[in-house]
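K.L.:
Read off the chains here:
Protein chains: 2
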Amino acid sequence: MLGKVVLVGGTHGNETSGIQLINHWKQHGVPEHLASLNLGLVIANHSAIKDNVRFVDEDLNRQFTYQALAEQKDTLEAKCAEQFNQEFGPKGSSTTELVVDIHNTTSNMGATLIILETDHFNTQLARYVKHVMPEAIILVEDEKPFEEHGYLCTVGKKGVMIEVGAQPQGVMREDVYKLVEKMAIAILTFCAHYNENESLVETPCEAFRLGETVSFPLDDKGERTAMVHRDLQDNDFAPLLPGDPVFRAFNGETIGWWGNEVTFPHFINEAAYSKLHIAFATADKCEI
Amino acid sequence: MLGKVVLVGGTHGNETSGIQLINHWKQHGVPEHLASLNLGLVIANHSAIKDNVRFVDEDLNRQFTYQALAEQKDTLEAKCAEQFNQEFGPKGSSTTELVVDIHNTTSNMGATLIILETDHFNTQLARYVKHVMPEAIILVEDEKPFEEHGYLCTVGKKGVMIEVGAQPQGVMREDVYKLVEKMAIAILTFCAHYNENESLVETPCEAFRLGETVSFPLDDKGERTAMVHRDLQDNDFAPLLPGDPVFRAFNGETIGWWGNEVTFPHFINEAAYSKLHIAFATADKCEI
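Chains as they are written, first to last, in this note's numbering: chain W, 1 to 288; chain D, 1 to 288.
No lab work stands behind these hints, which were simulated from the structure alone.
A quick note: this is a predicted structure, and the numbers were derived from the prediction, not measured.
Be a bit skeptical, because a hint or two may be false.
Some, not all, of what chain W presents toward chain D, calculated at C-beta under 10 angstroms [said to hold, decoys possible]: (1) Val-53; (2) Thr-65; (3) Glu-174.
Here are the simulated DSBU-like pairs of lysine-lysine, each with C-alpha atoms no more than 30 angstroms apart in a straight line [stated by the list, open to error]: (4) Lys-4(D) - Lys-182(D); (5) Lys-275(D) - Lys-182(W); (6) Lys-178(W) - Lys-221(W); (7) Lys-275(D) - Lys-26(W); (8) Lys-178(W) - Lys-73(W); (9) Lys-178(D) - Lys-275(W); (10) Lys-50(W) - Lys-275(D); (11) Lys-50(W) - Lys-50(D); (12) Lys-221(W) - Lys-26(D); (13) Lys-144(D) - Lys-275(W); (14) Lys-144(D) - Lys-221(W); (15) Lys-50(D) - Lys-221(W); (16) Lys-73(W) - Lys-50(D); (17) Lys-178(W) - Lys-275(D); (18) Lys-4(D) - Lys-275(W); (19) Lys-50(W) - Lys-79(D); (20) Lys-157(W) - Lys-144(W); (21) Lys-221(W) - Lys-275(D); (22) Lys-178(D) - Lys-50(D); (23) Lys-157(D) - Lys-285(D); (24) Lys-79(W) - Lys-50(D); (25) Lys-50(W) - Lys-4(D); (26) Lys-275(W) - Lys-79(D); (27) Lys-275(W) - Lys-221(D); (28) Lys-221(D) - Lys-50(W); (29) Lys-79(W) - Lys-221(D); (30) Lys-275(D) - Lys-79(W); (31) Lys-178(W) - Lys-4(W); (32) Lys-182(D) - Lys-26(D); (33) Lys-221(D) - Lys-182(W); (34) Lys-275(W) - Lys-50(D); (35) Lys-178(D) - Lys-221(D); (36) Lys-4(D) - Lys-221(D); (37) Lys-26(W) - Lys-221(D); (38) Lys-4(D) - Lys-73(D); (39) Lys-221(W) - Lys-178(D); (40) Lys-221(D) - Lys-178(W).
Note that beta-carbon positions come from the ideal geometry of N, C-alpha and C, so glycine has one too.
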């Protein structure tokens, strides 16, 4: 069994599944077979939840680089990050073995487990989750070392994210909630059995490795000239082939995929990335 | 042909379809067969659009009762309402023949035309829209006289709303945008031909008449004890029979429909009504 595990909801205040799951388990307890875990149940950003917004001043889930933590900024989320880091870190020398941070997306990404490295623990975890929950998607974001990410979950020695959609911000869907609950239980069950042989899965599992972000086309004034094409919308993690429709320009024209290779788009039309004009992210298929 | 018609987008700043349609038509002109209309294209709440929020201080689409307009409150939306009323009203003695206000919803309501009275004009309009766009839903909210509503569109002599979903707040979906465009063109085409015999549709059309709002179940502390059941989710305007699942309690139990009659739920799990703990609205089927 692992040491202390922390399960977090409400890192973004309008992503309802994790908030509900944490509050429910706080009130009624976790499933019986997980009762022996050294488990912390944490709501990360109470102010953002109260206002039903992603964040009050800035994105809490980008405040956990060493640099950001050292800056001691005056924003609500910087203070929130400092407090979380004190309680469950400090980052880099944390006594928390694993931080599991729960998110929702407006993209149709189903139940996605995001891992940030492919060491023995993360690989075994991913294989186990995929084994007990075949509908799960494993997304690997290991383009830089674990500690260089600004994500909240990097405060722990290890950290992963649960990312489930499609769900509009501020809405709670039963189908999405049940997927979040199922994935959280799968991860925690793995933790309860870690180091025991029974949890070792030798067979590699299918995963996706993050590529790059793709922006909406903009005109000279920085205004969008196109929207996500209806053939791409909701098709997260489906193969996008060269020439396949990507954008519908407002003049009616279709803009096809300009890449030379197949790619696997995800975070398609995510509301929270709209301000940055990000239309989707690409990924390659891999095995871990 | 009618007198002045005003088409409005951005009454709520995170409902993207109307904003895009208004901006597109302002820049590139309306479809040729509508060019002879006396048409105003208006963005209602620039500040809310800039912040990508429904409203800054309070809901603009509730500021148009006579009482609210007389109060001269200091909120951004009250000032916005006063300005709109001066320019396109004043309510009760407006020279604007028709205000068409475009909205999006996170509920799966498809392309819904909301009319507030069933006089000759509105009935003919609804029948025409349903005739040229059979996928359209007609929703009648005539539980009180037209002028007693607080909606922005009641500033005109006549006023209707276009309400299209499902679309998350702050996201632009092509399928939703195309439905909004199609319904706006249908309404404006009707306006261009109004008073000509060719626009008269004698056959009654199916519609839904608003019933009441249904709240989420709450505990003693005002916390929700249930979410919308997955069998109800996304089934806007489908018949809900006595005993059919309505809510899933967080303890796992199903709460069935307690009404004695069939009803037609809509605005199911709409994000903007979540703060008010409204789960959905009921409706009866009718003919107009």
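K.L.:
Give a verdict on every hint.
P.N.:
Comparing the hints with the structure gives:
no.: 1; hint: Val-53; result: 8 angstroms, holds
no.: 2; hint: Thr-65; result: 26 angstroms, violated
no.: 3; hint: Glu-174; result: 4 angstroms, holds
no.: 4; hint: Lys-4(D) - Lys-182(D); result: 20 angstroms, holds
no.: 5; hint: Lys-275(D) - Lys-182(W); result: 27 angstroms, holds
no.: 6; hint: Lys-178(W) - Lys-221(W); result: 43 angstroms, violated
no.: 7; hint: Lys-275(D) - Lys-26(W); result: 23 angstroms, holds
no.: 8; hint: Lys-178(W) - Lys-73(W); result: 37 angstroms, violated
no.: 9; hint: Lys-178(D) - Lys-275(W); result: 22 angstroms, holds
no.: 10; hint: Lys-50(W) - Lys-275(D); result: 10 angstroms, holds
no.: 11; hint: Lys-50(W) - Lys-50(D); result: 22 angstroms, holds
no.: 12; hint: Lys-221(W) - Lys-26(D); result: 16 angstroms, holds
no.: 13; hint: Lys-144(D) - Lys-275(W); result: 40 angstroms, violated
no.: 14; hint: Lys-144(D) - Lys-221(W); result: 45 angstroms, violated
no.: 15; hint: Lys-50(D) - Lys-221(W); result: 15 angstroms, holds
no.: 16; hint: Lys-73(W) - Lys-50(D); result: 25 angstroms, holds
no.: 17; hint: Lys-178(W) - Lys-275(D); result: 22 angstroms, holds
no.: 18; hint: Lys-4(D) - Lys-275(W); result: 35 angstroms, violated
no.: 19; hint: Lys-50(W) - Lys-79(D); result: 26 angstroms, holds
no.: 20; hint: Lys-157(W) - Lys-144(W); result: 16 angstroms, holds
no.: 21; hint: Lys-221(W) - Lys-275(D); result: 36 angstroms, violated
no.: 22; hint: Lys-178(D) - Lys-50(D); result: 23 angstroms, holds
no.: 23; hint: Lys-157(D) - Lys-285(D); result: 27 angstroms, holds
no.: 24; hint: Lys-79(W) - Lys-50(D); result: 26 angstroms, holds
no.: 25; hint: Lys-50(W) - Lys-4(D); result: 43 angstroms, violated
no.: 26; hint: Lys-275(W) - Lys-79(D); result: 27 angstroms, holds
no.: 27; hint: Lys-275(W) - Lys-221(D); result: 36 angstroms, violated
no.: 28; hint: Lys-221(D) - Lys-50(W); result: 15 angstroms, holds
no.: 29; hint: Lys-79(W) - Lys-221(D); result: 29 angstroms, holds
no.: 30; hint: Lys-275(D) - Lys-79(W); result: 27 angstroms, holds
no.: 31; hint: Lys-178(W) - Lys-4(W); result: 25 angstroms, holds
no.: 32; hint: Lys-182(D) - Lys-26(D); result: 17 angstroms, holds
no.: 33; hint: Lys-221(D) - Lys-182(W); result: 28 angstroms, holds
no.: 34; hint: Lys-275(W) - Lys-50(D); result: 10 angstroms, holds
no.: 35; hint: Lys-178(D) - Lys-221(D); result: 43 angstroms, violated
no.: 36; hint: Lys-4(D) - Lys-221(D); result: 51 angstroms, violated
no.: 37; hint: Lys-26(W) - Lys-221(D); result: 16 angstroms, holds
no.: 38; hint: Lys-4(D) - Lys-73(D); result: 29 angstroms, holds
no.: 39; hint: Lys-221(W) - Lys-178(D); result: 24 angstroms, holds
no.: 40; hint: Lys-221(D) - Lys-178(W); result: 24 angstroms, holds
In this structure, the hints that do not hold are numbers 2, 6, 8, 13, 14, 18, 21, 25, 27, 35, 36, in rising order.
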